[in-house]
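Since the structure of chain P is already known, use the hints to place chain Y on it.
Just so you know, the protein sequences line up as chains P and Y, in that order. Read in order, the letters of the first sequence correspond to residues 11 to 522 in the numbering used here. Read in order, the letters of the second sequence correspond to residues 540 to 988 in the numbering used here.
Mixed in with the good hints, there may be bad ones.
Within a straight-line C-alpha distance of at most 20 Å, the following computed PhoX-like cross-link-like pairs (lysine-lysine) qualify [what the hints assert, rightly or not]: (1) Y:K734 / P:K71; (2) Y:K957 / P:K475; (3) Y:K721 / P:K67; (4) P:K67 / Y:K726; (5) Y:K923 / P:K462; (6) P:K67 / Y:K723; (7) P:K461 / Y:K803.
Calculated from the structure, these hints are not laboratory results.
Residues per chain are reported as follows:
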Amino acid sequence: MKSKFLFFVLILFSFKGLAQDASKVFDGVKNITLRNIGVITKNNVVKGYFSFYEFDKVNRKTLLYRLNLVDANLNELGSKDIEGPKDWSLVSSGFDGNNFCFKFFDEKTRTIELKVYDEQANEVTSNSIKVNYKPTGSDYKNYSLMATPELDINDNHGFVNYIFNDPNNAFIVSYIDGATKNSWQKTYEPQGKSKLMVPNYLNADDEIILTGVSRVERGMYNTKTDHSILANSTKDGSQLFDISTEFGDNHVVPINAIFENDKIVIVGLNYKSAKTYTSAPDGLAFIEVDKQGKLLKSNFKTFEESLGKFLPMEDHKLKDGYYLYIHNIVRSRNNTNVVIAEKFKKATSAGGIAFAVISQGGISPIKLQFGNMVAIEYNMDGNAIQAVEIPKAAGSTDFFPSYAGLMAPYLLAKVAEILGWTDYMYTLKNDDNSEITFSFVDHDRLDPEAKKTDNFGQIKYKDGKFTVDKIPIKNAKADLSHLFRAQSGYVLQVNYFKKDKKLTMNMIKLNN
Amino acid sequence: MSPRIVGWIKLLFLCFLCQGTWVSSFAQGNNYTYADLNSYKSHLDNTAADNTGKLDQKIQKDYKKIIADKNTAIIKQLNEKGFLFDAKAYPYLSTIFNHILEKNSLDKSQFHFFIDRSPEVNAYSYEDGTVVCNLGLVTVMENESQLAMVFCHELGHCLLKHSNNAIIKQLEKYNSPEFAAKIKAIKRQNYNVNKQLEGLLLTDFFDRRKHTRSQEWAADSLGMILFSKTGYSGKNVSRLFDLLDSADHKTNACTVSSFFQREKIDIDAGLLRPAKKMSFGSQSKGMADSLKTHPDCANRKVIMQAWFDQHPKTGADFLLSNEEQLEKVKKIAFFEEAAYAKDSDIYGFYLFRLIENDALFPSNGAIKTSIFDALVAVCTHEKKHTLYEIVSSPYAPDSDNDEYAKLLKLLNTADLKKMIEITDIYYQNNKPLIAAPKETINDYNTLNN
Numbered sequence: 011m012k013s014k015f016l017f018f019v020l021i022l023f024s025f026k027g028l029a030q031d032a033s034k035v036f037d038g039v040k041n042i043t044l045r046n047i048g049v050i051t052k053n054n055v056v057k058g059y060f061s062f063y064e065f066d067k068v069n070r071k072t073l074l075y076r077l078n079l080v081d082a083n084l085n086e087l088g089s090k091d092i093e094g095p096k097d098w099s100l101v102s103s104g105f106d107g108n109n110f111c112f113k114f115f116d117e118k119t120r121t122i123e124l125k126v127y128d129e130q131a132n133e134v135t136s137n138s139i140k141v142n143y144k145p146t147g148s149d150y151k152n153y154s155l156m157a158t159p160e161l162d163i164n165d166n167h168g169f170v171n172y173i174f175n176d177p178n179n180a181f182i183v184s185y186i187d188g189a190t191k192n193s194w195q196k197t198y199e200p201q202g203k204s205k206l207m208v209p210n211y212l213n214a215d216d217e218i219i220l221t222g223v224s225r226v227e228r229g230m231y232n233t234k235t236d237h238s239i240l241a242n243s244t245k246d247g248s249q250l251f252d253i254s255t256e257f258g259d260n261h262v263v264p265i266n267a268i269f270e271n272d273k274i275v276i277v278g279l280n281y282k283s284a285k286t287y288t289s290a291p292d293g294l295a296f297i298e299v300d301k302q303g304k305l306l307k308s309n310f311k312t313f314e315e316s317l318g319k320f321l322p323m324e325d326h327k328l329k330d331g332y333y334l335y336i337h338n339i340v341r342s343r344n345n346t347n348v349v350i351a352e353k354f355k356k357a358t359s360a361g362g363i364a365f366a367v368i369s370q371g372g373i374s375p376i377k378l379q380f381g382n383m384v385a386i387e388y389n390m391d392g393n394a395i396q397a398v399e400i401p402k403a404a405g406s407t408d409f410f411p412s413y414a415g416l417m418a419p420y421l422l423a424k425v426a427e428i429l430g431w432t433d434y435m436y437t438l439k440n441d442d443n444s445e446i447t448f449s450f451v452d453h454d455r456l457d458p459e460a461k462k463t464d465n466f467g468q469i470k471y472k473d474g475k476f477t478v479d480k481i482p483i484k485n486a487k488a489d490l491s492h493l494f495r496a497q498s499g500y501v502l503q504v505n506y507f508k509k510d511k512k513l514t515m516n517m518i519k520l521n522n
Numbered sequence: 540m541s542p543r544i545v546g547w548i549k550l551l552f553l554c555f556l557c558q559g560t561w562v563s564s565f566a567q568g569n570n571y572t573y574a575d576l577n578s579y580k581s582h583l584d585n586t587a588a589d590n591t592g593k594l595d596q597k598i599q600k601d602y603k604k605i606i607a608d609k610n611t612a613i614i615k616q617l618n619e620k621g622f623l624f625d626a627k628a629y630p631y632l633s634t635i636f637n638h639i640l641e642k643n644s645l646d647k648s649q650f651h652f653f654i655d656r657s658p659e660v661n662a663y664s665y666e667d668g669t670v671v672c673n674l675g676l677v678t679v680m681e682n683e684s685q686l687a688m689v690f691c692h693e694l695g696h697c698l699l700k701h702s703n704n705a706i707i708k709q710l711e712k713y714n715s716p717e718f719a720a721k722i723k724a725i726k727r728q729n730y731n732v733n734k735q736l737e738g739l740l741l742t743d744f745f746d747r748r749k750h751t752r753s754q755e756w757a758a759d760s761l762g763m764i765l766f767s768k769t770g771y772s773g774k775n776v777s778r779l780f781d782l783l784d785s786a787d788h789k790t791n792a793c794t795v796s797s798f799f800q801r802e803k804i805d806i807d808a809g810l811l812r813p814a815k816k817m818s819f820g821s822q823s824k825g826m827a828d829s830l831k832t833h834p835d836c837a838n839r840k841v842i843m844q845a846w847f848d849q850h851p852k853t854g855a856d857f858l859l860s861n862e863e864q865l866e867k868v869k870k871i872a873f874f875e876e877a878a879y880a881k882d883s884d885i886y887g888f889y890l891f892r893l894i895e896n897d898a899l900f901p902s903n904g905a906i907k908t909s910i911f912d913a914l915v916a917v918c919t920h921e922k923k924h925t926l927y928e929i930v931s932s933p934y935a936p937d938s939d940n941d942e943y944a945k946l947l948k949l950l951n952t953a954d955l956k957k958m959i960e961i962t963d964i965y966y967q968n969n970k971p972l973i974a975a976p977k978e979t980i981n982d983y984n985t986l987n988n
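Isolated chain Y (complex conformation):
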């Protein structure tokens, strides 16, 4: 059984113990406003100015532009509900992050921690000391020590100045006389100019990917050193690579067809069957390996395990809270992933996350209301011929277990009449639990006119 499914089962068990918490977090909504936005902007500006001042004048302008674009993007994301600053998950994860800073005597003013509402299982960092953990990552972690290890890895990138050095190195290369001479020599030729230019850029791209992979090893190494000062146990930490690996192979906790069976909604099997995969050209293994940004999880696991075997790190898997607290945070993460999809107008994924949540919390009125709301939105857009605005197009999945691919197939294939029928039956089945806003009810009534 995949770790993700085990996680879901544990979550299901826990949710019965603390249903109230789920409902309250679901119903109240969350805070997406960063209280220290102005001081963060100043930090970004100051860091950019400091770093730019240290550079050769030739590349200062380009560097400034790249950093300004990045800063604009991150501020935009902060202003557009891209990050979570709620009263439960954010303080909890920030505390783990701050604990690492404290135990390693790192200057807190130089680092910032955010939670990205993205469902992608990932964490990332910027040259200015900002470390970001995606909600998708939170949902697959088993304990605090694994989260701490991920944060240590990202801090490793920051301390080793990987992002900044990579930008500078690239700019220096593109501004070097050698590189300019190569470009000039190619352009002087009459034939195969584009092909050679493409080859030059591709070689450079592969070099960068190779360099990035070496940086990941370095960040792992420094991360382990930072981690060893935290008081967390190193025993189960390398398992996080199994969790990351399994997240790449989509496995879902429930099936879309079981949702419709439970609701007694008759769906033709063909509507849930994704198209057969087509391809034109395939990457060679060498090419695929060259494109990887990260080393293989399996290799990283072996090396991390070996390191902790040589440097045994006793401690606890939970230092600042407990398993129950983490599960509550995971629940918030599950809901937030869905809410983020809705805020981003990605209703196909929103509905998918809600269906998953509905399997876990079958009597939750807020989830039922949200599913009804999503179904009405899908029908309304279909009626206006604007379904493409809120539902992604179907895709041919790599695995038969890709339930999201099945739902997209259904949403993109069922005609309006069928979608209204699904919405009607769902509404009738769950009417006592659905507390939809007036607008949704109006839209629903319009559909049936």
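Pulled out of the complex, with its shape left as it was, chain P reads as follows:
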């Protein structure tokens, strides 16, 4: 299953460098009140890491926090002392090329605050919003789970954040830009039949922020959806357009968008059913609109017509009853679309049935079984240029709750992804999109003699080719190892050696 990035109690700010900067050692690791540690990203590019810890008490209600930053190679960037409430945490961070943005959350007042700092560590502007949900209510938990903690970053032009909020489970787009000091919030409440609206950041430029919006009707097992592309002005948040991506019997879920001169090219998954949460996608959709939202062109391609050339099929489906779960679609420097997917199918087991009986209806005997990773490259006409199956051990999820037994496999896969049960981990790229990497966990041996262990795998797309490399997640000599996201081509391995009370951080370069 997906290896969660645990937050380590370590002191990033006091790196004691060895001769090799790619490796850091901390002797006599102490417990300090570290609030958070995390990755600074610029979309899917890792730019560095932050650590945020309590430094001092200013008064009864306020603490002095110290924020330390290092770059993607663990070279020290600097630090900043910030006063804030006692129940503060630093949720995530981003860099837009000019400024840093930090997303703080005050648990007591349930306030999210975006603070933008320039490269001299001066606060430039901020944007805050209060979460109205009752902290004890299930909505608070559910919607917190659905909202990604990460900021979305508009290259050189600020930061976008989405949250859900009461009343009516509205979603709110917040935008903040250190360069122009523009900062606003826009609220969108579900209307008509839709009971929930789910936003998905697509892309932005200096004028427009594009958000894919899924409107979901009530009904767990029979969920109808409706999708659109929402455009807001970066200047004041005013709505520029909100165009539907429903085209007759083609129901398009937008995944990403690319600005090309005066037009916008949207790439999405195309469904032949309006139940896009519960059914499998039919193929890809390519939609072109102008900057006023006027449709210029649409193109739909089924997976079957192109994938059959590359992957084993049976009765127009993947062999052995597998479905394909699409995790991400990324535009490459070669003007192609690179898709990462994972094979999966619904499974039951005798043990699971027995367990379900014992649990007296609490859980179902249903699991999802995940198979190989699949990487596909499409040209701009939606034709598959290549598809590669990357072998990995078949892993399965935990048993789902009893009510999940009736859910469609695709909805179960969505739930599995939200819960971090898939083997796919994350997508990274370099600044010019010439390298795109997809990371996953493989639970198999690296070679026949090796011990069975969890491995970190990296699929790299470069120069029109997919290559794979894997390393064991655990350092053989360490008592504890964890992997952190790192810049494209690397993974940061943190090892703890109990006997020596030593923590090492190694920036491991993958071979591909």
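Leaving out everything else, chain Y in the frame of chain P:
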């Protein structure tokens, strides 16, 4: 043109005259064993005991610990090939050092001279009378008189007991009732305790830096007096500050891309382009100035020049040898810097120094062999996912001319296939000159399997 480049060009010219010497020093290896280690250990112990005995009992324990740690570190460095005791550079530089001692009637038994194999342009000294010159410093000096001035400066520190006095002063301060009272008063407070403690220590730190800078002026002054008795000319001595200053602004004699062009190895320009510099917070000028350990080179140059103008010091730039001899020593220093990087498992820097040497000595088989060896080591580690053990991570340089930053970018970005391709082409291009050991050839063959 920077002095370092001028130095390189002169060296290139000279190396054609004495290629044999280079090859022999390259091939034979050098001696890193200090013959008088036991007597040196005794000297350290005796000095520590003498100095400790003179102190207030309150600080004796801490003082003893600090000196013991320092002594352990220096003995460790001696045991781990950290210093050079070869048959050419060491005797030459020691002779200059001893000449200064003799001319100033200083007791030789109280001083020791070592050459640190570090490429950093620096010299340093300890409270026990040990003066150390880094190889990096040797490579930028133009004549004996400049080297002598640096040694005189370090001797000035020793004679004025700067290190020892600084340790004692610090220990006395930390053990004083006033300092303890300040700490106690801060700790009694409920709020801003850490911030105030940090402020107290930072003020103390800045005071020490300020004091250190004043000690540098004093060491310069005494150094000039010691120097004036040596017979070296004072005419060009102040130029050494220009040389030290230029060493801070990395300028390289050759470019990494020219190395690959010469070898006809195709490298994507992006692989050699270091990342754009990011920062978070910046030091104010006042803060940056407060952190400096040394006064500005430009100011020191003006004052030294003025002193020699007022006290003209006639003499020679070379007393004990000649320019040719110094250039030979510099060559040894260039190679030793590379060899030290290899001994320290810093293969990125090792390869970088070799590439520089290759530009100077394009037909030297030993250098070609070493480059091949370094490339195979890089590929082997990359294949095992342990590149971080031997190659530093890339950094965003201050200058576009930082060639080491470019090489690190390449080593850290090129995939294994590309690195093997580079190694293959390099091997094929230079096969007749490469005499790699069997292990390296085995590793190389394994890469291609």
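These are the hints, each one checked on the structure:
1. Restraint check for K734 (chain Y) and K71 (chain P): the C-alpha separation of about 17 Å stays at or below 20 Å, so the hint holds.
2. For the suggested pair K957 (chain Y) and K475 (chain P), the alpha carbons sit about 14 Å apart, so the restraint of at most 20 Å is met.
3. Straight-line distance between C-alpha atoms of K721 (chain Y) and K67 (chain P) comes to about 19 Å, which keeps the hinted pair within the 20 Å bound.
4. Using a Cα cut-off of 20 Å, the hinted pair K67 (chain P) and K726 (chain Y) holds, with the two alpha carbons roughly 12 Å apart.
5. A C-alpha spacing of about 18 Å is found between K923 (chain Y) and K462 (chain P), which places the hinted pair at or below 20 Å, so the restraint holds.
6. Only pairs whose Cα atoms come within 20 Å are accepted, and K67 (chain P) paired with K723 (chain Y) is accepted, the gap being roughly 17 Å.
7. Distance check on the hinted pair: K461 (chain P) and K803 (chain Y) sit about 43 Å apart at the alpha-carbon level, beyond 20 Å; violated.
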